[in-house]
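Colleague: Residue strings, one per chain:
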Amino acid sequence: MTAPSRHVGGTNGFPLSAPLLSVENVTLEYQVPGRVVRATQNVSFDVWEADRFILLGASGCGKSTLLKAVGGFIAPREGRILLDGHPVHGPGPDRVVVFQEFDQLPPWKTVRENVAFPARVSGHLGRKEAAERAEHFIEKVGLTRFADAYPNTLSGGMKQRVAIARALAMEPRVLLMDEPFAALDALTRRKMQEELLALWEEVRFTLLFVTHSIEEALVVGNRIALLSPHPGRMRAEINSHEWDLTSGGSPAFQAAANRIHGLLFEEAGADGASHE
Amino acid sequence: MTAPSRHVGGTNGFPLSAPLLSVENVTLEYQVPGRVVRATQNVSFDVWEADRFILLGASGCGKSTLLKAVGGFIAPREGRILLDGHPVHGPGPDRVVVFQEFDQLPPWKTVRENVAFPARVSGHLGRKEAAERAEHFIEKVGLTRFADAYPNTLSGGMKQRVAIARALAMEPRVLLMDEPFAALDALTRRKMQEELLALWEEVRFTLLFVTHSIEEALVVGNRIALLSPHPGRMRAEINSHEWDLTSGGSPAFQAAANRIHGLLFEEAGADGASHE
Amino acid sequence: EGKIRIAQQFGIGYLILDVVRDQKLIEKHGKEAGVDIAVEWASISGATAMNEALLAGNLDIVSAGVPPALTMWDRTKGDVKMVAALGSLPNYVLTTNPDVHTLKDFSDKDRIAVPAAGVGFQSRTLQIEAAKLFGAENFQKLDEISISLPHPDATAALISGGTEVNSHFSSAPFYYQALQGNKAVHKVISSYDILGGPATFNVLYSSTAFHDDNPKTYAAFYRALGEAAKWINANKKEAADTFIRQQQSKLSPELVLEIINDPENDFTIVPQNTFIYASELYKLGVLKSQAASWKDYFFSEAHGENGG
Amino acid sequence: MSDTVSVARASDTRLSPPVRPEYERPLEPIAEATIIKVLPLHQRLWQHAWLRKGVILICLALIWEIGARIQGNTLLLPPFSAAMKALWEDVLNGVIPGRAMNSLEVLIKGYAAGVVLAFVFTSLAVSTQIGRDLLSTLTSMLNPLPPIALLPLALLWFGLGQGSLVFVLVHSVLWPLALNMYTGFTGVPEPLRMAGRNYGLRGLRYVFLILVPAALPSIIAGLKIGWAFAWRTLIAAELVFGASSGKGGLGWYIFQNRNELYTDRVFAGLIMVILFGLLVENVLFRQLEKRTVTKWGVTR
Amino acid sequence: MSDTVSVARASDTRLSPPVRPEYERPLEPIAEATIIKVLPLHQRLWQHAWLRKGVILICLALIWEIGARIQGNTLLLPPFSAAMKALWEDVLNGVIPGRAMNSLEVLIKGYAAGVVLAFVFTSLAVSTQIGRDLLSTLTSMLNPLPPIALLPLALLWFGLGQGSLVFVLVHSVLWPLALNMYTGFTGVPEPLRMAGRNYGLRGLRYVFLILVPAALPSIIAGLKIGWAFAWRTLIAAELVFGASSGKGGLGWYIFQNRNELYTDRVFAGLIMVILFGLLVENVLFRQLEKRTVTKWGVTR
Ligand SMILES: Nc1ncnc2c1ncn2[C@@H]1O[C@H](COP(=O)(O)OP(=O)(O)OP(=O)(O)O)[C@@H](O)[C@H]1O
Ligand SMILES: Nc1ncnc2c1ncn2[C@@H]1O[C@H](COP(=O)(O)OP(=O)(O)OP(=O)(O)O)[C@@H](O)[C@H]1O
Ligand SMILES: [Mg+2]
Ligand SMILES: [Mg+2]
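Protein chains in written order, with the working numbering: chain Y, -11 to 264; chain G, -11 to 264; chain C, 7 to 314; chain W, 610 to 909; chain B, 610 to 909.
No lab work stands behind these hints: they were computed from the structure.
Each hint should be verified, as a subset may be incorrect.
[What the hints assert, rightly or not] Capping the alpha-carbon separation at 30 Å, the derived lysine-lysine pairs in BS3-like fashion look like this: (1) K856(W) to K34(C); (2) K718(W) to K37(C); (3) K147(C) to K222(C).
[Unchecked claim] Not everything, but these chain W residues come out facing chain G in the computed CB check (under 10 Å): (4) Q652; (5) S690; (6) A691; (7) P800; (8) L801; (9) A804; (10) R806; (11) Y808; (12) R814; (13) L825; (14) W905; (15) V907.
The C-beta atom is built at its ideal place from N, Cα and C for all residues, glycine as well.
Start from the sequences, fold in the hints, and give me the full structure.
Modeller: Set out below in structure tokens:
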């Protein structure tokens, strides 16, 4: 089999095998003293192996919550989340999450240790291999010079890049990324996108990616789920496998972006100034 | 005097009065156990009253550090920072900072209190006025429904918006914002930009704004300082008063963006894969 | 003048003070001498706290065993002297070890509980006897198997068994309780045997400054003590009730009365056989100054009695 | 960009996801809050902390009762039931309540004074270098000293009675609380600290409006430890100081009954201390936590 | 968008910043690290913690000396010099070192046991609801109990001597440390906690590899408090029981001399305790902090 072009699926109609990850009618809620905050309502989508699946939605629409639920950190109030047909029970190194928060890095480990340690404990690797892998990914995120720094001496964007390197070094089956590039400047962001896609090319992991940038969604993903504002409900699913890093400014790309923009925000725009 | 159009200065040549804020040959360093990390080197720029001054640069180039130095939290190792001709000594409510971190909100205050409290203690307002002002700005950032929530129950983007509302409610002379919109989706971000500019129209505070988005820099700012990658050094200063929220896709705008991109990243691009 | 602060410890050994307090005898004798005396009573446990309170000037009269009182007299170079005895009561060495009948029978396996191993009334008494039995240089021989344990815990241990503590140098009322509570407990030796007859257990002592500055108050106090001692010997039943009332004791009245009735227990303010401590402890080097007689360390008011 | 990663998985099968049809969906209306599933009765009951703790307490009491009966040594360890009986009697006849009141009065004074002093010391310590050194030196020097060591000084300065007791209580409360408070203060996240200073807060207002609430979990732990050690010290001190002018506390009660071998009453006194401990923990501190750190969501 | 804000400033003057010329600049080469300004000698010296603390210690000693001389009650409060003289004598003739060794041996055993137990309890408490309730109940019940209350039990279970001492030491160390440790654990930020679980860490590995380092500041404070209270309790316990006079520790040394009114020796013994406190704080704990929380930058 020769290397096929990236986005062409095995079958072109509806596939016969089962999805890797099924989110079925999931409602997620937080219990806070005195009331219940609903984060998402009745959300369903299927992620297939090697998908680069994007969650797109307004601030506070429950993207992070959804990702944490898939990660196994939050149990759905209603509905269920299946991985390989089995309900998700708790977190595990097969589904690695890059969180949105900056304080997800153990501050007692240097950058190098922060990347190597999870690769080692999650069971795949010996000490030396883990160190090599860490080296490799630290270089990919451009932090070689800071490999021995502690997280508390890094800038926001640098911390985020360490978290990305850590997640990549763990080589999970499913990679869950929550706005990983939000704190990065244009060039670094671009580089990170390239690295991520290059790695995907190679390993074909499954990616569930939260972003608030429509352009990034089109470029990084092959399929995009659009969530409504708070509480998050399914709005649409859109294919974006035809776009890649090179398709930036083209009118078709622009049109796709505008279409998504419309789908996401038309109701929100309609009720105007009240914002909610 | 009739209301002049926004970006036209009083004088068109070099002004005669003094700048509000002068950063003069400032070198900023962190002392970490075992070594010294230089964040910025010999940075100079002047911010004039009612400027919307943007700091733009790669991740880790010292933007946040520079902002903190202007805020009075970090003393320059070399050079000096003058406000109204007097060196800056320590922080104060005349220069309010919106930090990049999510954990800048006291978690023991609700959103409403988080916004009202600083407005009150920073001396301007009574309890009732502060509450009204808080209400107003919470509405502007679209969090009225969450006014009584505690920060730990908010999403990342919502926390950031609270911090923005808090800063605006304090009505400082100089507003220092560190990637305030980074965690926001396209629409919310746009709304926040509009609100910020509308408020500027009205109050004409001075804004020092860190961003990693070139488009945002052009739209929000009237002048943009470009910093080199780590350690941050002055690369250029560029005028952007001709662009505003409406000038999004135009070819001239695109050209300006490309020019900035070039200035920022040409060297970085040149040494290619090593990233550092 | 006109004010006196007295501290007592807990137990039957302080019966005289209980009576003084119950019948307000100091106030009475003060009035007879023409002074209104305000009396403050404090309960303090342990000689060290007593001593410190006296030194700090928080108390005028304190009470403890003879050895601590002698130590105070010695260290303050005579600035502290004894006022009166609080009665002669024996202390018994008790054991549950059937093989032990004299102090010589104790082996390494036995453990003698004393309130303060090496120091304090019981240990000093043991040291005096050990010096007699094993030679002066071995006076600490019994200290090696002594163990610090408060009376009540030692008594409980003796009665109920099950711990390593099998012997106890016990005072009233504990030895009564121990002997009653467990048939295996038997007496090895009494402090009276060691000291050569009835001997003072606790004494009152005070500072020379108080004695000299408050002659009337002091005299009233001393007379009150004498009256209390007499009254006790005349009214043993009522004395038992007084003790139970004053100390809010829950001991049975029968036991208290038995103790007061016991001919070995003599509630007198006359010091008896105290000098043996003064001389023996000087020989052992515990005291630095040598007393010529018991009168050296008692205030003159007590000298008239036929003490020792 | 094309560095190859040394990865285990075969990379020639080139998995590709299928292309599925797109869809759009009208926005679902926001549903009512989900009905929280009614749990079976025993699970619902088990959610109540008081019930769980009650069960634990009953278990402990049972263990005590059974252990004591097996041991069969009532003088050293009376059964729980005997202790409760003694407690009941002495509560009814007013002895224990009176003693407890005496103790509580001193305890609260000493505790309050210790807390105030701890605030003073740590406020100094967070604001000046020398204050920091002073706190660390004094704490490491004085904290290990047993209260009896301070007794002579207490007697000199405060005389017999409450003054001295309060003094040793302060010694028990001050150092551990100051240590915890200071640790809490130094752990306040930098952005929060900067936000506070940005408001223009300085000195005591900064400490009370920013550092104290931010360090509250540590402070509460310190308050709990201080409270417990205040009791410990008070009981121990009352043994020595006993009762002046007829006002002994619980410690004196325990000492007295111990002296007369009423071990059941000794344990009755201790049960009182335990009950105060449970009460303060489950009412006072629990409420404090509920209204602060739990409500704010800063601890789990 | 056009809601007007009720703002004080006049809004009709419409300040506008001047338009300045643009400029571009060639990139400056990265300079050598700045030379750190050499401070004047006295400031440089003052940067050394040992010097500052030394000055504090000397001041305290002076205050003691002068205060004692003014008081003039050497039997109650001997001057510092007298205490040091006594210390020197008894160190030279080997009495204090011997006693100190005895104490240290017991202390370390009790401390270690307490620390281990605290880990066990808190590990249970973070992993199960019932463990949490158990810890909170036991702590609030047992922590306020004075060690003497445990004496009968200790006698029954451990007999005389070290066993019992270790038991009461554990009682002193366990609860405050567990409280602090648990507080530290509950305060670990959620993302860090989630990251740890994401690594696949469970049970004890999770506790030791994530919770413990994250809660280290609180744990260190707990260790310090535990250490101090272990000393307090040991000294007090050696007074009350367990010391057969042959092998008493420092507490016994203090008690004996107190009984014989050798107050200078009493204070010599206390100075020993203070010295141990200073040593452990400034060497052991300081190093621990330097190598961990300070190096990581998690406390200021
Ligand atoms: N720990 C929490 N407790 C209670 N409510 C929460 C908590 N975390 C989030 N929420 C609520 O859940 C909703 C969704 O939050 P979430 O963090 O998933 O949003 P998001 O889509 O990630 O937003 P953003 O883009 O701003 O990060 C919000 O309304 C928020 O208030
Ligand atoms: N607390 C600190 N201690 C030591 N070094 C620090 C600290 N904070 C930042 N640095 C270093 O200073 C440099 C600049 O950091 P800064 O946070 O100012 O960058 P930034 O421009 O804001 O980056 P970003 O866009 O990623 O937020 C970085 O190299 C970083 O490693
Ligand atoms: Mg989010
Ligand atoms: Mg930054």
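Colleague: Look at each hint and say if it fits the structure.
Modeller: Hints versus structure:
no., hint, in the structure
1, K856(W) to K34(C), "holds, 24 Å"
2, K718(W) to K37(C), "violated, 39 Å"
3, K147(C) to K222(C), "violated, 47 Å"
4, Q652, "violated, 26 Å"
5, S690, "violated, 46 Å"
6, A691, "violated, 48 Å"
7, P800, "holds, 4 Å"
8, L801, "holds, 6 Å"
9, A804, "holds, 5 Å"
10, R806, "holds, 5 Å"
11, Y808, "holds, 4 Å"
12, R814, "holds, 8 Å"
13, L825, "holds, 8 Å"
14, W905, "holds, 5 Å"
15, V907, "holds, 5 Å"
Comparing the model with each earlier hint shows violations of hints 2, 3, 4, 5, 6; every other hint is respected.
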